[in-house]
Amino acid sequence: LNPYKLISSGSMLMVATDGQKLVEILLAEGIQAAVIGKITEGQEKVVVQEDTRRSLEPPKSDELYKVR
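Residue numbers (the working numbering): 1 to 68.
By construction, these hints were calculated from the structure, which means they are not laboratory data.
There may be inaccurate statements among the hints.
[What the hints assert, rightly or not] With a cut-off of at most 20 angstroms between alpha-carbon atoms, the simulated EDC-like pairs for lysine to aspartate or glutamate come out as follows:
#  : residue 1 : residue 2
1  : K38       : E24
2  : K45       : E57
3  : K5        : E63
4  : K5        : E24
5  : K45       : D62
6  : K38       : D18
7  : K5        : E44
8  : K38       : E57
9  : K60       : E44
10 : K5        : E57
11 : K66       : D51
12 : K5        : D62
[Unchecked claim] The calculated label-pair distances, taken between Cβ atoms and stated as ranges, are:
#  : residue 1 : residue 2 : range
13 : G19       : R53       : 18 to 26 angstroms
14 : Y65       : Q20       : 32 to 40 angstroms
15 : P59       : A34       : 14 to 22 angstroms
16 : D18       : V67       : 30 to 38 angstroms
17 : A33       : L56       : 16 to 24 angstroms
We treat Cβ as the ideally placed atom computed from N, Cα and C, and that holds for glycine.
With these hints in hand, go ahead and build the complete structure from the sequences.
Okay, here's the thing in structure tokens:
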């Protein structure tokens, strides 16, 4: 399954000026959290992972439907 194509029902994506501070606050409240990326200038939506760069397109359907 491609994790970038999961609709992620029950998850929340948040944007913060100080992401690490927000993670610390959430963890202190028992809420799992992690910094997973950053917003940059421009309109391009890309995933950069190590030396790989690819476009990020909205999912057409949740990847979980592929599980049998």
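Status of the hints after comparison with the structure:
1. A hinted pair counts as satisfied when its Cα atoms are at most 20 angstroms apart, and K38 with E24 qualifies at roughly 17 angstroms.
2. Taken as a hint, the K45 and E57 pair is honoured in the structure, with Cα atoms around 8 angstroms apart against an allowance of 20 angstroms.
3. Between K5 and E63 the CA atoms are separated by roughly 6 angstroms; this keeps the pair inside 20 angstroms, and the hint holds.
4. For the given pair, K5 sits about 27 angstroms from E24 by alpha-carbon distance, which is inconsistent with the 20 angstroms threshold.
5. Restraint check: the Cα-Cα separation between K45 and D62 comes to about 19 angstroms, which is no more than 20 angstroms; the hinted pair holds.
6. Of the pairs offered as hints, the one joining K38 and D18 holds, with about 11 angstroms between alpha carbons and a cut-off of 20 angstroms not exceeded.
7. About 17 angstroms separates the Cα atoms of K5 and E44, which keeps this hinted pair within 20 angstroms; it holds.
8. Distance restraint check for K38 and E57: the Cα-Cα separation of roughly 17 angstroms lies within the 20 angstroms cut-off, and the hinted pair is therefore satisfied.
9. With a C-alpha separation of about 19 angstroms, the suggested pairing of K60 with E44 holds against the 20 angstroms cut-off.
10. Of the supplied pair hints, the one linking K5 and E57 holds, its CA atoms being roughly 8 angstroms apart against a limit of 20 angstroms.
11. Only pairs whose Cα atoms come within 20 angstroms are accepted, and K66 paired with D51 is rejected, the gap being roughly 28 angstroms.
12. Distance hint between K5 and D62 is fulfilled; the C-alpha atoms sit about 6 angstroms from each other, no more than 20 angstroms.
13. Taken as a hint, the range 18 to 26 angstroms holds for the pair G19 and R53, whose Cβ atoms sit roughly 21 angstroms apart.
14. For the pair Y65 and Q20, the supplied restraint of 32 to 40 angstroms holds, since their beta-carbon distance comes to about 35 angstroms.
15. For the pair P59 and A34, the beta carbons lie near 20 angstroms from each other, so the given range of 14 to 22 angstroms is met.
16. As the Cβ distance of D18 to V67 is approximately 37 angstroms, the hint placing it in 30 to 38 angstroms holds.
17. Range check, A33 to L56: about 21 angstroms between beta-carbon atoms, so the 16 to 24 angstroms window is met.
Consistency with the previously given hints fails for numbers 4 and 11, ordered from lowest to highest.
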